[in-house]
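Using the sequences and the hints, build the whole thing.
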Amino acid sequence: MGSEDSLRNLTVLIPVLNEAKAIGKVLDEVLNVGVPRENIIVVDGGSSDGTVEIARSRNVEVIPQEGKGKALAIKTGLKHVSTPYVLVMDGDYTYPAKHIIDLYKKIMNEGHDLVIGSRRFHSPVQTRIYRIGNLFLTKLFNLLFGTGLTDILSGMYIAKTEKLREIMFEMPHFSVESEIVAHVASTTGRIAEIPINYRRRLGEKKLSVKHGIGIARDMIRLTWRYNPAFFIFILGSLLLIPGLLLGGWVAYHYFFVGIKYYVKGLVAIILTAAGFTSLLLAVMALYTKRIEMRMQKRMDEIEQLIEEYLNRKS
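Be aware that the sequence shown starts at 1005, since it is given in the numbering used here, and climbs by one per residue.
If you are wondering where the hints come from, they were derived from the structure by calculation, not from laboratory data.
Errors might be hidden in some of the hints.
[Stated by the list, open to error] 27 Å max Cα-Cα, derived DSSO-like pairs, lysine-lysine:
1) K1301 - K1109
2) K1164 - K1143
3) K1083 - K1029
4) K1317 - K1301
5) K1102 - K1209
6) K1083 - K1072
7) K1167 - K1102
8) K1025 - K1102
9) K1029 - K1072
10) K1083 - K1102
11) K1301 - K1143
12) K1164 - K1293
13) K1167 - K1143
Right under this line is the structure:
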């Protein structure tokens, strides 16, 4: 693994926007690990700093992006991919190209639809607030989609090309990774991770706190798309908050003041019961989704066995 012949089934897709300080080094690394030159696609989002010229000097394909944002950059690049696997990585030098081989081995040997490079952060590469934000967003995603991942926002991952082409790419900018993971998690669930190193980027930093807030908002939108029952019930469970607060207020006045609030007590009971019921239904919706994914996985395995049997017969 690592020779050009072994990587013929892989396309490396690199979205860029003003990455002149990094793109040359990134492409040199990708070529050095054995990716064929014709299997590298740089999608440019309108760079004005010489990024395109540097990329073309490495004799790789450079295509202009349709629209704006990273999501549309990946969508544009997929139109030019003809291999069964595609690896996406940022062009800012943060992701060592040596991990391409590790990711490719993982998806080839184990049959996943998506393998994510889970970053190992350390100071001073990333600030504490960045690491906390990434941890919070990953935990939020795991809660909403019932996964157990460690880094859903990594900018280096490999996937089956056909699986990426199923995605609508409606989430803008930096939410595209969460949309990709949400789609795979909600359809087949065949996701794996491997640990990768993470370096300080070359060039101007583009991600900020406001982008993190936008990613959290988009995760909630993705929940509505892929598991609306869970989304509705988890909203209903919020009734627990006013129900318990009002119930505590009524109980305090009953036991310590001697005042009885019958109507408010009844309202508190109704709110609490509705919220608790919704919470139970939300948990059931998550488990139902997991059962659906396991059934889909088993059906895919049976279909594959049938195809192999028919191929042997023919």
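So, going through the hints one by one against the coordinates:
Distance restraint check for K1301 and K1109: the Cα-Cα separation of roughly 21 Å lies within the 27 Å cut-off, and the hinted pair is therefore satisfied. Between K1164 and K1143 the alpha-carbon distance is near 25 Å, which keeps this suggested pair within the 27 Å criterion. Between K1083 and K1029, the direct Cα distance comes to roughly 25 Å. Compliance with the 27 Å bound is thereby established for this hinted pair. Taking the CA atoms of K1317 and K1301, the gap is about 25 Å. The hint holds against a cut of 27 Å.
About 23 Å separates the Cα atoms of K1102 and K1209, which keeps this hinted pair within 27 Å; it holds. Straight-line distance between C-alpha atoms of K1083 and K1072 comes to about 16 Å, which keeps the hinted pair within the 27 Å bound. Only pairs whose Cα atoms come within 27 Å are accepted, and K1167 paired with K1102 is accepted, the gap being roughly 24 Å. Between K1025 and K1102 the alpha-carbon distance is near 20 Å, which keeps this suggested pair within the 27 Å criterion.
Taken as a hint, the K1029 and K1072 pair is honoured in the structure, with Cα atoms around 25 Å apart against an allowance of 27 Å. Between K1083 and K1102, the direct Cα distance comes to roughly 26 Å. Compliance with the 27 Å bound is thereby established for this hinted pair. Straight-line distance between C-alpha atoms of K1301 and K1143 comes to about 25 Å, which keeps the hinted pair within the 27 Å bound. Only pairs whose Cα atoms come within 27 Å are accepted, and K1164 paired with K1293 is accepted, the gap being roughly 22 Å.
With a CA separation close to 24 Å, the supplied pair K1167 and K1143 stays within the 27 Å bound.
No hint from the list above goes unmet by this structure.
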